[in-house]
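Trainee: Kindly generate the complete structure, drawing on both the sequences and the hints.
Chains A and B are the protein sequences, given in the same order.
Position in the first sequence (first residue = 1) + 275 = our numbering.
Position in the second sequence (first residue = 1) + 5 = our numbering.
What the hints contain is simulated information worked out from the structure, not anything from laboratory work.
Worth double-checking, as some hints may not be accurate.
Dumping the calculated EDC-like pairs for lysine to aspartate or glutamate here, alpha-carbon to alpha-carbon at most 16 angstroms [what the hints assert, rightly or not]:
#  : chain 1 : residue 1 : chain 2 : residue 2
1  : B       : Lys108    : B       : Glu140
2  : B       : Lys299    : A       : Asp495
3  : A       : Lys496    : A       : Asp395
4  : A       : Lys483    : A       : Asp432
5  : B       : Lys311    : B       : Glu340
6  : A       : Lys556    : A       : Glu576
7  : A       : Lys560    : A       : Asp460
8  : B       : Lys489    : B       : Asp414
9  : B       : Lys417    : A       : Asp501
10 : B       : Lys311    : B       : Glu321
11 : B       : Lys417    : B       : Glu398
12 : A       : Lys331    : A       : Asp292
13 : B       : Lys380    : B       : Glu359
14 : B       : Lys299    : A       : Asp305
15 : B       : Lys299    : A       : Glu307
16 : A       : Lys331    : A       : Glu361
17 : B       : Lys311    : B       : Glu359
18 : B       : Lys299    : A       : Asp395
19 : A       : Lys560    : A       : Asp462
20 : B       : Lys205    : B       : Asp167
21 : A       : Lys581    : B       : Glu355
22 : B       : Lys299    : A       : Glu310
23 : A       : Lys331    : A       : Glu404
24 : B       : Lys318    : B       : Glu340
25 : B       : Lys450    : B       : Asp341
26 : A       : Lys496    : B       : Glu480
27 : B       : Lys299    : A       : Glu314
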Amino acid sequence: MKMPQADQLRTASATRDVSVQVQSILYMMDHESIEHALESLERAVDLAIGCGACSKIRVSYGDTSPQRCLSDEDLERMRERFSYFELTYQFFNANLGSARGHNELSRYADTDYLLILNPDIVVSPRIFENLLEPFADPTIGMVEAKQLPIEHPKDYDPVTGETGWATTACALTPTPLFREIDGFDADTFFLYCDDVDYSWRVREAGLKIIYAPNAVVFHDKRIAPDGAWQPSRAERRYSAEAALLMAHKWSRPDIVEAITASFRAGNDDERAALTKFEDMKAAGKLPQPRDHDNVIGDFIEGMYTKHRFAL
Amino acid sequence: MLNPDENYDNPYEPDNVYGHTISLLDRHLSLETTTHPGLRVHLDLGCGFGRIAEAMRDRGLHYIGVDGSPIGPESLRSRGFEAHELIFDTEERTLAGIRAILKGRTVDSLTMLDTLEHLPNGDMVLGIIHTLIRESNAPAIISVPNIAHRDIGFRLALGRWDYTRDGLLDHTHTRLFNDATMNRVFRASGLHVIDSNHVKCARSDQHFPVTLPSLAGKSALHILLSGLREQVDDTGNINQFVNMVLAGKRELPVAYLPDDARNPKRPFLSLVTRTQGQRPHCLIELLTALAGQKDRDFELIVVGHKLNPEQVKLVERIIDDSPTWLRDATRLVREDEGNRTRPLNRGFQEAAGEYIAILDDDDIPMAHWISTFRKLALEHPGTVLRTIAARQEVETVEIRNRQGIRAIDGLKPYQASFDLFQHMYSNHTPPIALAFPRGIYHDLKIHFDETLTTTEDWDFFLRTAIVAGVSSSEEITSVYHWWKPTENSSRTVHDQEEWDSNYKAVTRKLDHLSIVLPPGSAGRLRDLHLKAELQDERRGPKCVPSSFASIPAESAKRDALVRETLSIISSSCWKITAPMRWLSKMGGRPRPVDPIQIVDLNVEELAGLVKQLRSSKSWRITRFIHRNEHPMN
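Mentor: Written as structure tokens, this is what we have:
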């Protein structure tokens, strides 16, 4: 696959005429959390433009809630308060899921990069500089921020930062690349693993995924009394569904078979996920398998890449 | 207010208020005996019998006594001194009266000893003193009794408050002073303290009844209270404050605590962050995590320790990068002296919050870190607040010349429940998991021990916990970074010998303190004692206390069951049947009991265990032996 963005990005970086669309999908979020996040984002925009790392930054919200999270009055007040960036808002009037929501928002992006960001994430002040810097290397296709307080356990090269996939809680990717590889696979993934799938297709395109531990963001996550990750009900449900779809799409029928056997005797969420998968299969809606030689996709001990530690 | 029952004719003694006054004057005035007596004037307001007059004369001063009662001035005049009667009523009449007495003479020094507390219009009289001494830039010595003498405080702690004929609680006192109120009154009158020579008295006239537990010198309560009182300030044994003042500007508008100073608006939490400016990426992480706090009612004090100019700029830039609201809540203070403990004292000193927490530059609070402290504070005000931190091993990585922190292990929570006794042995709470009530530091004056180079937080926590108590939440609210051994950290910078030495210093200090134990401690101590006994039992002869007379029924029942179990498993008949049980165990049957775990069982579990032991084959077949061992059976 051709990589149209590389030369273009090098030029943009050299002149520092770099523009970024920060895009977030809202789903029943209170505006206080949104404003808290915007306070930090505004400072980061101020610094990024001030130091010349960026020339223009737009913040774009897509709202998939049943009712609008932000009224026109809220938006007017927020635009008045946060004047360092353009703020756009789109109410989808349907729960599109994060993958389709981001694809929709990207259609209007006239920027060099897309920063896929959870709306409740608090960014560090120099986030744009730190996420853009690795793109000086034209072989980079996606850069992921480090999340606080719970760091993702997936492995990365401690010298190069290269990793198997990037979470899109906060990740930067060139807009041309996003379009070139058709963004997120919204037909297959509703809520989870759209980022793993996108990352693998970036790698399939011959580009690298970089984890930037110096580019930190704060994502309000809590842990159980034993120190373990506490997935929400939605996380359990949709990650179970995505596990089957990922194994199918990335040509691992052996794993599909193993998961199927496990889910058949599993909990409600797992049985529901299996039913959904089988329905899709019967309807001929499963994605076409790819990576037949299993060069890209990693399925290691139930994870999509090697992990440094258990969480 | 005049005292009809007491004439206050106390002799001059070097160690009473008179002697202390003369010593103070001697320090500041050139009072060599002069051949021209009468040239310099000393005015003594509220002079009483003027027992300092002779000492003044010996120093070449012309003594003038003034008092509202005629008795004292009569005595003075009979001893050859000038003395006058004057009631201090209105400002105008009082000042006019004194000027009439002075007849144009300049006041070279002035005293008002043990008088202010009797005056209903003391502030007015201080104003007159200010006027008089300002004219000649003369010093004045003013003494008042100390209401904060520990005898008064310790009595009042048990509800005792008795006015007496004279003394610290003279029934004619109209106003009471401690060091702070005295100074506030002076500052409101434009009087500036330049020296002091207070009269100390370990046992005041209020030291009664002698067996009152808070007063009695060797009682545990007195030792505890004394230890706390001495820590607060050094005025607990001062009987009278004797201060020398000069006239200057009025510094306070009123002589009492203004309303807004009673409960000044404070942030809920002050965060003290030590940084040496060597890990800027850590400080960035910390500030980002603070920007994500749900509860923003905090101030952040970054204490830059021994920063060089480049590091100062770097830290300032990192703070300046923060979003506006966080930048406004943050200030950098620099501390260039001391070891790693000094910045904690500096930061706590600067803190304005109701509670104060240590948040080192490599710590990561979760979003509910502050809100969990607040919840605890509302439920348990004034206690040390404890949440749970999860430890995570980390290292520094450098990717494309930019440093970051990399977690290399999972999150390992510290112990959820707080056990004071366990903490006395070793620390299970990193500083980030704690918030200390402001009063502990600022009022009780428990400070960090700067002689410690490590474990300073543990030492501070213990000393505060044994006074304020600890309230705990089982929420995990923070990540405590544990640096890989190859990284520089307090674990690697200080050698084992230093850690051991500090450990001994902390425990030694603790051993010298009286401590307040929370409810439930007695049971915990009994359990610990029983455990120790059981271990002794394994090592040597049995040691079973003979009486349970003072133990409540439920506890007695439980202890009796523990001992019964112990008696069975330590009996010779149980021991001789051990091979039989060993065979059973090899056959897959579980071991019936672990002696060390016995004390952790509840009454029902213990009763079940005893029943199981008694019905066991081992016990039944040796019935003929243990009947002899335990006739009660």
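Trainee: Are the hints correct? Go through all of them and say.
Mentor: Hints, verified against the model:
1. B:Lys108 to B:Glu140: Given that 16 angstroms is the threshold and the Cα spacing comes to 14 angstroms, the pair holds.
2. B:Lys299 to A:Asp495: holds, 9 angstroms
3. A:Lys496 to A:Asp395: With Cα atoms ~11 angstroms apart, Lys496 of chain A and Asp395 of chain A stay inside 16 angstroms; holds.
4. A:Lys483 to A:Asp432: Judged against 16 angstroms, a Cα distance of about 12 angstroms means the pair holds.
5. B:Lys311 to B:Glu340: holds, 6 angstroms
6. A:Lys556 to A:Glu576: violated, 25 angstroms
7. A:Lys560 to A:Asp460: Holds, at roughly 13 angstroms.
8. B:Lys489 to B:Asp414: holds, 10 angstroms
9. B:Lys417 to A:Asp501: holds, 7 angstroms
10. B:Lys311 to B:Glu321: Holds - the C-alpha atoms of Glu321 of chain B and Lys311 of chain B are around 14 angstroms apart, at most 16 angstroms.
11. B:Lys417 to B:Glu398: Between Lys417 of chain B and Glu398 of chain B the Cα gap is close to 9 angstroms, so the pair holds against 16 angstroms.
12. A:Lys331 to A:Asp292: holds, 8 angstroms
13. B:Lys380 to B:Glu359: Between Lys380 of chain B and Glu359 of chain B the Cα gap is close to 13 angstroms, so the pair holds against 16 angstroms.
14. B:Lys299 to A:Asp305: holds, 13 angstroms
15. B:Lys299 to A:Glu307: holds, 10 angstroms
16. A:Lys331 to A:Glu361: Holds, at about 9 angstroms.
17. B:Lys311 to B:Glu359: violated, 28 angstroms
18. B:Lys299 to A:Asp395: holds, 11 angstroms
19. A:Lys560 to A:Asp462: The hint holds at about 9 angstroms.
20. B:Lys205 to B:Asp167: Roughly 21 angstroms between the alpha carbons, so the hint for Lys205 of chain B and Asp167 of chain B is violated.
21. A:Lys581 to B:Glu355: Roughly 47 angstroms between the alpha carbons, so the hint for Lys581 of chain A and Glu355 of chain B is violated.
22. B:Lys299 to A:Glu310: holds, 12 angstroms
23. A:Lys331 to A:Glu404: Given that 16 angstroms is the threshold and the Cα spacing comes to 13 angstroms, the pair holds.
24. B:Lys318 to B:Glu340: Holds, at roughly 15 angstroms.
25. B:Lys450 to B:Asp341: violated, 23 angstroms
26. A:Lys496 to B:Glu480: holds, 13 angstroms
27. B:Lys299 to A:Glu314: Distance of about 13 angstroms is within 16 angstroms: holds.
Figure legend: structure checked against the earlier numbered hints; hints not met, in rising order: 6, 17, 20, 21 and 25.
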